[in-house]
Amino acid sequence: DAGVIQSPRHEVTEMGQEVTLRCKPISGHNSLFWYRQTMMRGLELLIYFNNNVPIDDSGMPEDRFSAKMPNASFSTLKIQPSEPRDSAVYFCASSLGDYTGELFFGEGSRLTVL
Amino acid sequence: AQKVTQAQTEISVVEKEDVTLDCVYETRDTTYYLFWYKQPPSGELVFLIRRNSFDEQNEISGRYSWNFQKSTSSFNFTITASQVVDSAVYFCALSEASGSARQLTFGSGTQLTVLP
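One line per chain: the protein sequences are A and B, in this order.
Start counting the first sequence at 55; every next residue gets the next number (this note's numbering).
Start counting the second sequence at 17; every next residue gets the next number (this note's numbering).
In isolation and in its complexed conformation, chain B is listed as follows (with noise of 0.2 Å):
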C-alpha cells in the first residue's frame, strides 16, 4: 500500500527565510509518481509539479525547488526567499502505476505560515 508522510505539520518562518518542507513515501511500485500541490486560504488545491520514479533531477521553478532522493524515499520542497504569499497548505501526493489521478494518495500536509 502506499503512504505518504508529512512529518512536519506547522512551519513558521519570517518573510525571506528559506524554507524546507519534508515529504517521505512508501510504495512498493518501480514505477511512481509524486506530486505536490498548494492549498491557498482560499481553498482550491493547486497543482505544483509532478515527478516521476526515473527522474531523480532535481526541479526547479522560479524561488520553488524539489529534491527526489529515491535512496531516502523523499521528495522534499524549498522555498528560497519566502513571501507572505507562499502561507497555504502544501500537500505531498504519491500515485503508483501509470499515475492515475484517481489513485493519488495524499499526505496531511503541511500549514506554511511566513511571517511579514
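Excised from the complex, chain A in its bound form (with noise of 0.2 Å):
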C-alpha cells in the first residue's frame, strides 16, 4: 500500500519566491497534520485538517503560510514569499481519525530558501 507521498522532496528557492509543497495521504485517511522540523524548534504541528476542514492553525507561523485541502486525497501548504527562516523539513502526515496518535509521516520536503 502506498504511504504518504510528498513532493517535491527536496525545494531549493530565493527569498520572496512562493513555495508549494504538496501531500497525498494515506487512503482512508481522514486526518492530515502538517508539521516543520528544525534543528532549533524540532518537530512543530502547523495545521490539522480533519475530514478536509482546518481544525487547528494556531501553529502556522504568520500568514504568510497558507494551507489547503481541496479533497480528501490532497493538500498543499504554501508560502508566500518565502523568507530564509523558512528552511526547514516540511512533514505531511496522517491518520486514521484523530484520536490513536499513530501518525504516519510522508518523507518529508526539504525546503531551502537562499
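You may find that some hints are simply not true.
Stated by the list, open to error - Residues of chain A clear of chain B, computed beta-carbon distances all greater than 10 Å: (1) E72; (2) V73; (3) M114; (4) E116; (5) N125; (6) K132; (7) Q134; (8) R139; (9) T154; (10) E161.
To be verified - Listed next, the stretches of chain B that the computed footprint assigns to chain A, with coverage defined by at least 3 CB atoms under 8 Å from CB atoms of chain A: (11) 57-66; (12) 94-100.
Note that these hints are calculated values from the structure, not bench results.
Glycine is no exception: its CB is placed at the ideal position from the N, C-alpha and C atoms.
Combine the two chains into a complex, taking the hints into account.
Have a look at this one:
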C-alpha cells in the first residue's frame, strides 16, 4: 500500500519566491497534519485537517503560510513570500481519526530558501 | 503544559550492544498517552508504540522494549542486541486527554548510531 506521498522532496528557492508543497495522504485516512522540523525548534505542528476541514492552524507561523485541502486525497502548504528562516523539512502526516496518535508520515520536503 | 525531555542528544554503540534511550515527560493530566517514533535516514517518522497512562506494564516487541514508570515520569526505550539498521533518530512524544494526534508534543530526539 502506498504511504503518504510528498512532493517535492527537495526545493531550493530564493527569498521572496512562492513555494508550494504537496501531500497525498493514505487513502481512507481522514486526518492530515503538516509539521515543520528544524534543528532549533524540533518538530512543530503547523496545521491539522479533519475530513478536509482545517481544525487547528494555531501553529502556522504567520500570514505568509497557508494550507488547503480541497479533497480527501490532496493537500498543499504554501509559503508566499518565502524567507530564509522558512528553511526546514516539512512533513505531511495522516491518520485514521484524530485520537490514536499513530501518525503515518511522508518522507518530507526539504526546503532551502536562499 | 506538556513537555517531553530527551536528554541524550546522541548515542553511539557498537553492534550487538544493548542501548537505552531515555524519555522524561511532564503533564498535569492524569490521562495521557506516550509514544515513540523512529526517524531513519530516509526521513519519514515511523510509529513504534503507544502507551496509556493507566497501563504501566512493560512492553516487549522483538528486540525492542519499553519501560514506563509513572513514579519517575519516564518512558524509556531499550534496544537489545542493536543492529546497524537501528541507526536513526528516535523521538518520544506525549499527548494528553484523548490521545489526540493533534496534541502530540515531541521531544527533541536522540540520534542513535550503531557501528558495525
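Tested hints:
1. E72: Fine: 24 Å to the nearest Cβ keeps A/E72 off the interface.
2. V73: holds, 18 Å
3. M114: holds, 13 Å
4. E116: Non-interface label on A/E116 holds, nearest chain B Cβ at 20 Å vs cutoff 10 Å.
5. N125: About 20 Å separates A/N125 from the closest Cβ of chain B, which puts it past 10 Å; holds.
6. K132: Answer for A/K132: holds, closest chain B Cβ roughly 21 Å.
7. Q134: holds, 25 Å
8. R139: holds, 19 Å
9. T154: Non-interface label fails for A/T154: nearest chain B Cβ at 6 Å, not farther than 10 Å.
10. E161: violated, 5 Å
11. 57-66: Since 7 is at least three, the answer is holds.
12. 94-100: With 0 residues closer than 8 Å to chain A, the segment 94-100 of chain B misses the three-residue bar; violated.
Against the hints set out earlier in the document, violations occur for numbers 9, 10 and 12.
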